[in-house]
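Modelling step: build the complete structure from the supplied sequences, incorporating the hints.
As they're listed, the protein sequences go chains A and B. Just so we're aligned, residue 22 is where the first sequence starts under the working numbering, counting upward by one. Just so we're aligned, residue 22 is where the second sequence starts under the working numbering, counting upward by one.
A few of these clues could be false.
Copies of the same chain are indistinguishable here, so a pair counts whether it falls within one copy or spans any two.
[What the hints assert, rightly or not] Calculated pairs, SDA-like style, for lysine to any residue (alpha carbon to alpha carbon, straight line, at most 20 Å):
(1) Lys447 with Asp395
(2) Lys255 with Ile113
(3) Lys256 with Val222
(4) Lys123 with Arg454
(5) Lys447 with Asn397
(6) Lys447 with Tyr405
(7) Lys123 with Ile429
I should point out that these hints are in silico values taken from the structure, not numbers from a laboratory.
Protein chains: 2
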Amino acid sequence: MPSENFDLVIAGGTLLTLSADMKIIEDATIGIRDGCIALVDAGFRPRAARTIDATGCLVLPGLVNTHTHLPMVCFRGLADDLPLMDWLQHHIFPMEARFVDKEMVNDGALLAMAEMILSGTTTVCDGYFFENQIAEAALSCGLRAVVSQGFADFATPDNPRYEKMMAAADRFAARWLPHAPLITPAFFCHSPYTCSPQTLVNVKAAARGAGILYLTHLLENQSEIDTIEGRYGKKPVQHLYDLGVLDERTIAVHCNWMSPDDIALFADLGVSVSHNPASSMKLAAGIAPVPDMLARGVAVGLGTDGSASNNDLDLFQEMDLAAKIHKVTQLDPTVMSAETVVRMATIEGARVLGLDALIGSVETGKRADLILVDMNQPHLTPLYNPYSHLVYAVRGADVKTSIIDGRIVMENRRLLTIDLAAAMEKVRAIGERIAAEHHQVVSR
Amino acid sequence: MPSENFDLVIAGGTLLTLSADMKIIEDATIGIRDGCIALVDAGFRPRAARTIDATGCLVLPGLVNTHTHLPMVCFRGLADDLPLMDWLQHHIFPMEARFVDKEMVNDGALLAMAEMILSGTTTVCDGYFFENQIAEAALSCGLRAVVSQGFADFATPDNPRYEKMMAAADRFAARWLPHAPLITPAFFCHSPYTCSPQTLVNVKAAARGAGILYLTHLLENQSEIDTIEGRYGKKPVQHLYDLGVLDERTIAVHCNWMSPDDIALFADLGVSVSHNPASSMKLAAGIAPVPDMLARGVAVGLGTDGSASNNDLDLFQEMDLAAKIHKVTQLDPTVMSAETVVRMATIEGARVLGLDALIGSVETGKRADLILVDMNQPHLTPLYNPYSHLVYAVRGADVKTSIIDGRIVMENRRLLTIDLAAAMEKVRAIGERIAAEHHQVVSR
Chain A
22 MPSENFDLVI AGGTLLTLSA DMKIIEDATI GIRDGCIALV DAGFRPRAAR TIDATGCLVL
82 PGLVNTHTHL PMVCFRGLAD DLPLMDWLQH HIFPMEARFV DKEMVNDGAL LAMAEMILSG
142 TTTVCDGYFF ENQIAEAALS CGLRAVVSQG FADFATPDNP RYEKMMAAAD RFAARWLPHA
202 PLITPAFFCH SPYTCSPQTL VNVKAAARGA GILYLTHLLE NQSEIDTIEG RYGKKPVQHL
262 YDLGVLDERT IAVHCNWMSP DDIALFADLG VSVSHNPASS MKLAAGIAPV PDMLARGVAV
322 GLGTDGSASN NDLDLFQEMD LAAKIHKVTQ LDPTVMSAET VVRMATIEGA RVLGLDALIG
382 SVETGKRADL ILVDMNQPHL TPLYNPYSHL VYAVRGADVK TSIIDGRIVM ENRRLLTIDL
442 AAAMEKVRAI GERIAAEHHQ VVSR
Chain B
22 MPSENFDLVI AGGTLLTLSA DMKIIEDATI GIRDGCIALV DAGFRPRAAR TIDATGCLVL
82 PGLVNTHTHL PMVCFRGLAD DLPLMDWLQH HIFPMEARFV DKEMVNDGAL LAMAEMILSG
142 TTTVCDGYFF ENQIAEAALS CGLRAVVSQG FADFATPDNP RYEKMMAAAD RFAARWLPHA
202 PLITPAFFCH SPYTCSPQTL VNVKAAARGA GILYLTHLLE NQSEIDTIEG RYGKKPVQHL
262 YDLGVLDERT IAVHCNWMSP DDIALFADLG VSVSHNPASS MKLAAGIAPV PDMLARGVAV
322 GLGTDGSASN NDLDLFQEMD LAAKIHKVTQ LDPTVMSAET VVRMATIEGA RVLGLDALIG
382 SVETGKRADL ILVDMNQPHL TPLYNPYSHL VYAVRGADVK TSIIDGRIVM ENRRLLTIDL
442 AAAMEKVRAI GERIAAEHHQ VVSR
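Below, the structure is given as structure tokens:
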């Protein structure tokens, strides 16, 4: 093996493999060939077309963001600290109706992808309108993406005629399935309160037919329970269960108001969960019972949600919040250890997305999604426990180099696949138009 | 005025004055002379020995950290996710007993000060052992500091003979009072459960005699209520009130378990509060009722607490947490607006420390403590509301330049008063010794 040639070698760092045994390798050697991890060893530098010196860095699997709405970077900080329905109905929805088009989705997504790559994310699961544009943006910059075509029982910016949604979705899945596992299509029913039972069932049938993931927002706010009980005489999880849409290829996003019975059902059925602490805290939506879910074996990954309710896409901050919020609400500092949280941001996030055989840990045979974190920083000195630092002290800006599918997409903080200045300028221009219109809307 | 000469001019940025009317000035001109803000205007560049171009930056008062234990950077990440008493008694206290000396305090404080300056803090209120060393470190690097000599009813690393503490404290106050307002001495009684009534009263009398601040940890954990009730037959706030130590020159740190009556008493007496959300969340200590305190007019500032329970000294993260934690626990997104939180990190923090006539806002006549935040970043694009970005999206690493008392201490992310590489190397060496000893202690 040492005499083999590699396309790329990462040598000299401290490797957190995130393998099942959580093996840590000092002075690690990672050999990459054809986008795959072909060698994980220590202490030498094999022949390679390119070698990156990782001395002084932690090397770990790239982070997995299991839920966001990328183009919402265009609304970042437009309206904050408002009641949820006021925020949605008087700020976000009117601005989306006015401004969401292919160009805004493309430009917003590209800036969001730049921000994510710069902060260590290598895989994202997105759900928004014009999802073809998201997929194309991801393909262009080399970000691994699960792109989820959205459904709701009303006309959307990308489907002004509701009855055409399903045919468009089938075309979307067929178009992107050949790009897996870099780009993977999925279907996203917005929620049990915006999708009829028929929509929920039909979309799940289509997802099963295509062999792809099915997502829905679920139990973000307490009020959803009353809404669904009022309509269907049962709680949301029971409603989805009775419709037959819950299985091991279903991801429920938020899950802030899960009962113990709901959690047991998810565990039995293999339903996965995306936990978005920053957004749920900022919107005052609630706190998901994540320690209880993990104790029952439910796969839980981390998500940032869209930038309008966070307001950034930095998974390091999400890790910090995920570790702290459950400690204080349970008054128990032993829940949500740093190791547990790093697993949620990597291998468990991959498991949520059904990609854990391919990514989420640094092991031979997996796709080469890796990040290097520069530990030579005052706020990371001294270093006793790498997991502790990753959760409680590292920030996105400490990520030095990012590799996705064997391709270097950022090196020494410089993006190699996105023109950052151009991406910022385009979103600034969109922001100026939004600001002018928003000013008129709120002053009416 | 435009024809006057200044030592330093900051021109071209968007200035958040944090004045009472929260005035924002575009293309601002700030003239500095003899460490003071001599001019606040807009749109021109007066003659000056030095001009800094702040185009593309937010300019705002430097941040005020109202509570920390600086040398605890040496224990950052040594032990996490443990029950409080296990953490203190089996990890932190034994390591402090073994390693805290003048050199460790000096080296740890200097690295902590580097980290703080790099993340936008210009004033810190510290409490630890060997506080003379902290004051000297602050003086050497130009950081504004309230340095609090600690008291407890047992021998400490800096006072092996308890009965000598008071005399040492008087010398400490006399030594540092001439350095105010850059360095301001204060006295810190550790807590009502580690200080006897006599100690609490004597130290307050000495603080009053010297005309300096008096601090104590208070109501960090719920168990403190039982402890104090068991000893004195009353709750902690009533206990301190009956001892006569609560007044407008007293700062209570944490205050996680304040009753409405406690809050009313603080409001009546003018007692100030240091809120440390990251530490209280990580230690699962509790959540201070900050919105209620603010509604009653209690001055509340932000603090990071020591790095062992945070695990960094970044006040931008503290702002983010302070905004989010109260929203979700009260299920009300309108509490703790971004503006309110930025005020807590600046002018209200200054008010807590009794320094609001001198710092905390950018107004003529105040000392020149200013930071420039580089907004030309993907995660800060677009920009609708500067307060929103400061709280929800800016990170310490976005601070470009810091000025304290008119002196440029960091410029373009480069520290000008601290040898950062040397500071990191010294703490790394301390960390290696601590790690070896800690390994022996925990494996016993």
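Evaluated hints:
{"no.": "1", "hint": "Lys447 with Asp395", "verdict": "between (30 Å within a copy, 19 Å between copies)"}
{"no.": "2", "hint": "Lys255 with Ile113", "verdict": "neither (30 Å within a copy, 51 Å between copies)"}
{"no.": "3", "hint": "Lys256 with Val222", "verdict": "within (17 Å within a copy, 58 Å between copies)"}
{"no.": "4", "hint": "Lys123 with Arg454", "verdict": "within (16 Å within a copy, 58 Å between copies)"}
{"no.": "5", "hint": "Lys447 with Asn397", "verdict": "between (34 Å within a copy, 13 Å between copies)"}
{"no.": "6", "hint": "Lys447 with Tyr405", "verdict": "between (43 Å within a copy, 15 Å between copies)"}
{"no.": "7", "hint": "Lys123 with Ile429", "verdict": "neither (28 Å within a copy, 46 Å between copies)"}
Violated hints, in rising order: 2, 7; the structure is consistent with all others.
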